[in-house]
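Asks: Now for the letters of each chain:
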Amino acid sequence: MKNRTSSSAKALVLFLRYSLIAFFACNVFFFVQFLIFHLGPALLFGERKGVYLPIVFKPTNQGVLTLPHTDYEYMFDIPSATGTFQAFGLPLKIFYIYSFGGIVYYACLFLITYLILKMLKNAQEGNFLVVKNAIRLRYIALLLIVSLLRDKLTIIASSFYLREKIELAGIEFYDFTSYTFDNWKYIFIFLFLLIIAEAFRLGAQLKEENDLTI
Amino acid sequence: MPIIVNLDVMLARRKMSLTELSEKVGITMSNLSILKKGKAKAIRFSTLEAICTALECQPADILEFRAED
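Just so you know, the sequences run in chain order X and F. If you number the first sequence the way the working numbering does, the last residue is 214 and the count never jumps. If you number the second sequence the way the working numbering does, the last residue is 69 and the count never jumps.
For the record, the hints were derived by calculation from the structure and aren't laboratory data. Every residue gets a Cβ at the ideal spot worked out from N, C-alpha and C, and that includes glycine. There are no misleading hints in this set.
Under 10 Å between C-beta atoms, here's a sample of chain F residues computed to sit facing chain X:
#1 Ile27
#2 Asn31
#3 Leu32
#4 Ile34
#5 Leu35
#6 Lys39
#7 Ala40
#8 Lys41
#9 Ala42
#10 Ile43
#11 Arg44
#12 Thr47
#13 Leu48
Below, computed lysine to aspartate or glutamate pairings styled on EDC-like, alpha-carbon distance capped at 16 Å:
#14 F:Lys39 <-> X:Glu209
#15 F:Lys39 <-> X:Glu208
#16 F:Lys41 <-> F:Glu64
#17 F:Lys39 <-> X:Asp211
#18 F:Lys41 <-> X:Glu208
#19 X:Lys165 <-> X:Asp175
#20 F:Lys41 <-> X:Asp211
#21 F:Lys41 <-> X:Glu209
Here are the simulated distance ranges between beta carbons:
#22 X:Lys207 <-> F:Ala60: 23 to 33 Å
#23 X:Ala22 <-> F:Thr19: 42 to 52 Å
#24 F:Thr53 <-> X:Lys207: 24 to 34 Å
With the hints as extra help, turn the sequences into a complete structure.
Replies: So this is what it looks like as C-alpha cells:
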C-alpha cells in the first residue's frame with residue numbers, strides 16, 4: 001500500500017515537473033517574441049507596436065435578461081469591468097513603462113517556475129523537507145506579491161492616464177472602482193504562504209537537527 | 001562549534017577500528033562518521049553510554065570544550 005502511494009506521489013511530481021517545464025518553455029517563447037517583435041524595434045529604431053493597456057470601464061446602457069420558461073424580462077447593468085485598450089504609436093515613455101511592466105511580469109513568472117521546478121526536483125530526490133525549499137517557498141510568496149502589485153499598479157496607472165483621454169459611445173471610463181481592489185484578497189493567501197514558508201523552515205531545521213542527533 | 005569530539009583519539013588509544021565500534025555500539029558507520037567529524041548537532045545519553053562502555057572510558061574522554069576566540 002505504502003509503495004503504491006509512494007509511486008503515485010512520484011508520478012504526480014514527475015507529471016508536475018514536466019508540465020512546468022513545458023509551461024516554462026512556452027513562456028520563454030513568448031518572452032523572446034516580446035523582445036524581438038516588441039521591445040527590440042522600439043529600442044533600435046524607435047518603432048512602437050501596439051500596446052495593450054488595461055482600463056476600468058462601465059457601460060452606461062442597461063441590458064435585458066430573459067430567463068427561459070419565464071415571461072419576465074429583467075434589467076441589468078454592469079457596475080464595472082476591466083478590458084484591454086489597444087493603441088498604436090503612443091509616446092515612447094508610455095511604451096517603455098508598459099514594456100517594463102511586461103518584463104517584471106515575465107521575470108516573476110520565470111523565477112516562480114524555476115523555484116517550483118527546483119522544489120519538485122528535491123521532492124523527486126526524496127529530500128523535500130530542507131531549509132533551501134523553505135527559502136524558495138518564501139521567495140515564491142514574495143514574487144507572487146510583487147506580481148499582484150504589478151497587475152494592480154498597471155490597471156490603476158493606465159486607467160488614471162487614459163480616463164480623460166479616451167471616448168467611446170456608451171461607455172464611461174474610471175480610474176478607481178471597487179473592481180480595482182477586488183482581487184486584493186489574494187494578498188492574504190500570499191501572506192499566508194509566507195507564514196507557511198516560515199513554518200516549513202522551522203520544520204526543516206528540526207528535521208536537520210534530528211538527523212544529526214546521534 | 002566549541003565542543004570537540006575526540007572519538008578518533010580514543011579509537012587510536014584502544015586500537016579499535018570504526019567498523020568494530022559500529023558493530024559493538026549498534027550505530028551505523030555513517031552516523032559514527034558524522035560524530036567523528038564533529039558534524040553532529042547532538043548526542044543522545046544512550047549513545048554516549050554505549051560508546052563509553054565499548055571504549056571503556058568516560059564521556060569527558062570523548063567530548064571536550066574549547067572556548068572560541
